[in-house]
Amino acid sequence: MNLNLTLIGQMLAFVAFVVFCMKYVWPPILAAMAEREQKIAEGLAAADKASHDLEMAKEKAVERLKEAKEEAAGIIDAANRRANQIVDEAKDAAVVEADRVKAAAQAEIEQESNRAREQLRGQVAALSLAGAEKVLGASIDAQAHADIVDKLAAEL
Amino acid sequence: MAAAGETRTISEYIVHHLTNLTYGKLPEGFHRHDGSTVPEGGVWTLAHGGEEAAAMGFNAIHIDSMIWSIGLGVLFCWLFRSIAKKASSDTPSGIVNFVEVIVGFVDNTVKDTFHGRNPLVAPLALTIFVWVFLMNLMDLVPVDLIPYTLELIGVPYQKIVPSTDPNITMGMALGVFILMLYYSITVKGFGFVKELTMNPFNHPLFIPVNLFMEVVGLLAKPFSLGLRLFGNMYAGEMIFILIAALFSAGVAWMVPAGLMQIGWAIFHILVITLQAFIFMVLTIVYLSMAHEDH
Chain A
0 MNLNLTLIGQ MLAFVAFVVF CMKYVWPPIL AAMAEREQKI AEGLAAADKA
50 SHDLEMAKEK AVERLKEAKE EAAGIIDAAN RRANQIVDEA KDAAVVEADR
100 VKAAAQAEIE QESNRAREQL RGQVAALSLA GAEKVLGASI DAQAHADIVD
150 KLAAEL
Chain B
0 MAAAGETRTI SEYIVHHLTN LTYGKLPEGF HRHDGSTVPE GGVWTLAHGG
50 EEAAAMGFNA IHIDSMIWSI GLGVLFCWLF RSIAKKASSD TPSGIVNFVE
100 VIVGFVDNTV KDTFHGRNPL VAPLALTIFV WVFLMNLMDL VPVDLIPYTL
150 ELIGVPYQKI VPSTDPNITM GMALGVFILM LYYSITVKGF GFVKELTMNP
200 FNHPLFIPVN LFMEVVGLLA KPFSLGLRLF GNMYAGEMIF ILIAALFSAG
250 VAWMVPAGLM QIGWAIFHIL VITLQAFIFM VLTIVYLSMA HEDH
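Residue numbers (numbering that gives the first Met the number 0), protein chains in the order written: chain A, 0 to 155; chain B, 0 to 293.
Don't read these hints as lab results, they were simulated from the structure.
Do not rely on the hints blindly, as some may be mistaken.
[Said to hold, decoys possible] Capping the alpha-carbon separation at 16 Å, the derived lysine to aspartate or glutamate pairs in EDC-like fashion look like this:
| # | chain 1 | residue 1 | chain 2 | residue 2 |
| --- | --- | --- | --- | --- |
| 1 | B | Lys84 | B | Glu99 |
| 2 | B | Lys24 | B | Glu291 |
| 3 | B | Lys84 | A | Glu34 |
| 4 | B | Lys24 | B | Glu50 |
| 5 | A | Lys38 | B | Glu291 |
| 6 | A | Lys150 | A | Glu96 |
| 7 | B | Lys85 | A | Glu34 |
| 8 | B | Lys24 | B | Glu39 |
| 9 | B | Lys193 | B | Glu213 |
[To be verified] Now the in silico label distances, taken between C-beta atoms and shown as ranges:
| # | chain 1 | residue 1 | chain 2 | residue 2 | range |
| --- | --- | --- | --- | --- | --- |
| 10 | A | His51 | B | His114 | 51 to 61 Å |
| 11 | A | Lys38 | B | Ala234 | 40 to 50 Å |
| 12 | B | Val140 | A | His51 | 26 to 36 Å |
| 13 | B | Leu241 | A | Lys38 | 45 to 55 Å |
| 14 | A | Glu36 | B | Leu210 | 45 to 55 Å |
| 15 | B | Lys84 | A | His51 | 31 to 41 Å |
| 16 | A | Met55 | B | Trp77 | 20 to 30 Å |
| 17 | A | Ala30 | B | Gly56 | 16 to 26 Å |
Everything numeric in this text was worked out from a predicted model, so none of it was measured.
Ideal placement from N, C-alpha and C gives every residue a C-beta, glycine not left out.
Construct all of the structure, not just a fragment, from the sequences and the given hints.
Right, here's the structure in full:
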């Protein structure tokens, strides 16, 4: 166990290596590690925030869906009501139209029958005159008996 | 010492493995291994054997310890510097991850233990941890591989585990000790003197007793720090050498020796990591104590 100049040499080398480590090794490595640590912390925070945002978005989406469903139901209801209304209106219009057509037809029928009756009346007067001429065998003054025939005809 | 090629006894083999490659100044009049005598004024030369190394005293340097220790320190600096250049806040990969795990581990240890604000402590702890670990790691290289290879090309001695050299461990411990003294004085000022003289007996009469106890306690710190690492690594290396020596005891010993070698190596992985960690933690604790004003 000889203590000699090696002791001094080792001390000098020790100082040199420690100074080198302190200047050129330690600070850059530690800075990089600290920076990465910060980056990771930021990343984790961002992930947390993103998942929170996602949750909120989901809630919002569900709400919107519910709203949309309600709206759709409302629209369908309104449409149904409107359709019923239209159908009812159409029914009413049809009934009115039908009544009008019926009334017009009845009026025409009446007119037609009146006309036929008038025609018939005229012909009855002539027929009865002719018949009476034949029955009497004599010429009956048409002029003289016209009022009788007319009375007859009116009774028809 | 026997020259390469001659048959060695077991003890020669062990001593050879525990001798550093020493370059130093032999005093004048010293009788060298080859019979010559050192001329007037001494001579700077490579030591041949422990006796010559001992005769050199303080004027010598362990070339192998210095080369391996500085080489491993440069390896640490180069590796971590290349990672530091690449470091970014993007996804890390491969070796960047590995380095960041070590840096993060050291940073956490420092934050847990050291509560002051000092930009030196964390890089210091990182350097100590990785450097000491790398130096200890050399213990896992088979004991004969590098020394024997170098011996073949003419290098007489080679100890490749720097932390089995007390000069290396004490050099680092003394560096830490100087930092301790520096921060004790700059942070506490006069409080440091008070701490040395008024503890544990707070009475003027006890100042000499207190001073003695506190100074011994203070000096014990760097010594225990450096010698703990040295002792552990030296003992570990010694066991590797003994196991390696077992291989020469005959064919019957090869299998048990191999198993022991593997077992001790696996256990040693734990030891070298633990010793590097302890050296780092104690450094942080001592510096933390130096910063705490009572």
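Holds or violated: 31 to 41 Å for the Cβ distance of lysine 84 of chain B and histidine 51 of chain A?
Once the Cβ atoms are compared, 40 Å apart, the range 31 to 41 Å for histidine 51 of chain A and lysine 84 of chain B holds.
Holds or violated: lysine 193 of chain B and glutamate 213 of chain B, Cα atoms, limit 16 Å.
holds, 11 Å
Hinted pair, alpha-carbon criterion (16 Å max): lysine 84 of chain B, glutamate 99 of chain B. Please report holds or violated.
Status holds; Cα separation ~13 Å.
Does the hinted range 40 to 50 Å hold for lysine 38 of chain A and alanine 234 of chain B at CB?
Holds, at about 47 Å.
Is lysine 85 of chain B close enough to glutamate 34 of chain A, meaning Cα to Cα at most 16 Å?
holds, 14 Å
Has the hinted range 45 to 55 Å been met by the Cβ atoms of glutamate 36 of chain A and leucine 210 of chain B?
holds, 48 Å
Supplied distance hint 20 to 30 Å, evaluated on CB atoms of methionine 55 of chain A and tryptophan 77 of chain B
violated, 54 Å
Is the hinted pair lysine 24 of chain B and glutamate 39 of chain B satisfied, with a Cα-Cα distance of at most 16 Å?
Roughly 12 Å between the alpha carbons, so the hint for lysine 24 of chain B and glutamate 39 of chain B holds.
Holds or violated: 45 to 55 Å for the Cβ distance of leucine 241 of chain B and lysine 38 of chain A?
Because 53 Å falls inside the window, the suggested range holds.
Verdict for alanine 30 of chain A, glycine 56 of chain B (Cβ pair) under range 16 to 26 Å:
violated, 48 Å
Can you confirm whether the C-alpha distance between lysine 24 of chain B and glutamate 291 of chain B stays at or below 16 Å?
Distance ~44 Å between lysine 24 of chain B and glutamate 291 of chain B Cα, so the pair is violated.
For lysine 150 of chain A and glutamate 96 of chain A, compute the direct alpha-carbon distance and say whether it is at most 16 Å.
violated, 43 Å
Hint violations for this structure: numbers 2, 5, 6, 10, 12, 16, 17, all remaining hints satisfied.
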